[in-house]
Amino acid sequence: MRIRVDPDKCEGHARCYGLAPELFDVDDYGLSTVKGDGTVPPALEDKARLAIANCPEYAVEELDD
Amino acid sequence: MPRTQAVRDWATDFDVLDDGYVADPFAVWDRLRGTCPVAHTDRRGSTWLPTRYDDVVALAHDIDHFSSLKISVIPVEDEIAPEDRVLPYGLPPISSDPPLHTWTRRLLLPWFSHRRVDGYEAMTRQLCSGLVDSFVDTGRADAAAGYAQQIPVRVIAHILGVPTELADTFTGWVRDVLEFADDPVRRAAGADGLLNFFIAEVARRRTEPGDDLLSELMHSEVDGKPVDDGIVLGTAALVLIAGVDTTWSAIGSSLWHLATHPGDRRRLATEPDLMPTAVEELLRAYSPVTMAREVVEDIEFEGCPMQAGDKVLMNFPGANRDPEAFDRADAVVLDRAVNRHVAFGSGIHRCAGSNLARMELRVALEEWLARIPEFRLAGDEVTWAGGQVRGPRRLPVVFP
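Sequences listed follow chains A and B, in order. Under this note's numbering, the residue at position 23 of the first sequence is numbered 23, and the numbers go up by one with no gaps. Position in the second sequence (from 1) plus 1000 gives the number in this note's numbering.
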């Protein structure tokens, strides 16, 4: 599983970071990015799905590769 | 005496200051969603009230048609031309559109980043714990006026670099401006108090700069130029106003819920791991803030003929109760896993202090529940403030 944060949609709610700090970084302006290339270790897939489902801006996405 | 004339038809003549609505707006939104999901009133100027999640989010994102230059639905009669006012830009960034919004917001955001907010947690915890100390042995407290109201004002005063000893004065000004906005005398008194205070604080910092938010705003440069005094004053006033009333309301509403729902209270007291989802759920169910937008040009929205100059209430609290967007929308589900709530807004005006507000709400509940796991309403009357920020103002509780 691989995920990304769409920088055009992210408004800095930081819900993803709150739910899964292992997978996301957040900068001083509140913008979230995925750590590394966004590959999610199997043990963290549930957390990644929660981050996707809780983003109020629909900015966290699963990539189909 | 009621503050407003009785409302007979909520679809065509709603009033957010109606006593019944302030105490329980949820039933009104539920009825409107099924019959007239975007309500209208001509009270205090032509204003629209959307009640569905998708509509509120769509309006928040359409910044070309819905401006933030006017965010209050209670009009202020101001004779002074905008360029001659002490605050020519209002309270940026909340009362601004891009491009002003973009750079004023960037000045503020780092002060409320996750990293900074982590640094404010210890003082917040100490503050909450000290407040609990002051009443825990008496068996009773006003959880709103004696606890919730006392917390955010001191944290935000610390961040701004202004004396926390003036907390009660700040709270008075903020209540005058927001809660009593329909009383021109109180509103003007609160606004003058706030403004004159910050004018003096700014003057003092010219010679004695500190390492606080206000000093940094004054000494920031944007495109090689210092920030205009009107922006510094407006932004400082915004931080105080927005940092005080809103979070205090969220803490108070959450304690009201726990006082009146023993099952949830016991569960949260005995399962502290639930706190992260519980905080989001309490924010969803009791979202305090409803800012307005101004219609820029005539536009039809969901069949409604909105005209330039009309106001639209950004009903995020109502959106968060929409059963189309949330299962069991009217129930508080402390472990709700999927919760795309918009308590902090949606789009470019997402609450700049949301990280701080979350931390304050979590710490306030943790410190209260650790010492007072059992409590209930004292039976005295609970009072609510409403309008554009909703929360309890008197919340007497007793504990064994």
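No lab work stands behind these hints, which were simulated from the structure alone. All C-beta atoms, glycine included, are put in the ideal place defined by N, C-alpha and C. Treat the hints with caution; some may be incorrect.
As the list claims (entries may be wrong) - To be clear about the criterion: a stretch of chain B counts as covered by chain A if any three or more of its residues have a C-beta under 8 Å from a C-beta of chain A, and this derived list gives those stretches:
1. 1340–1347
2. 1350–1363
Said to hold, decoys possible - What follows is a list of derived Cβ distance ranges for each label pair:
3. A/Glu-45 - B/His-1061: 23 to 31 Å
4. A/Glu-61 - B/Pro-1163: 18 to 26 Å
5. B/Pro-1163 - A/Pro-42: 22 to 30 Å
6. A/Ala-53 - B/Ala-1308: 48 to 56 Å
7. A/Ala-53 - B/Arg-1376: 50 to 58 Å
8. A/Arg-4 - B/Thr-1207: 46 to 54 Å
Compare the structure with the hints numbered earlier in the document and write down the numbers of the violated ones, lowest to highest. 4, 5, 6, 7
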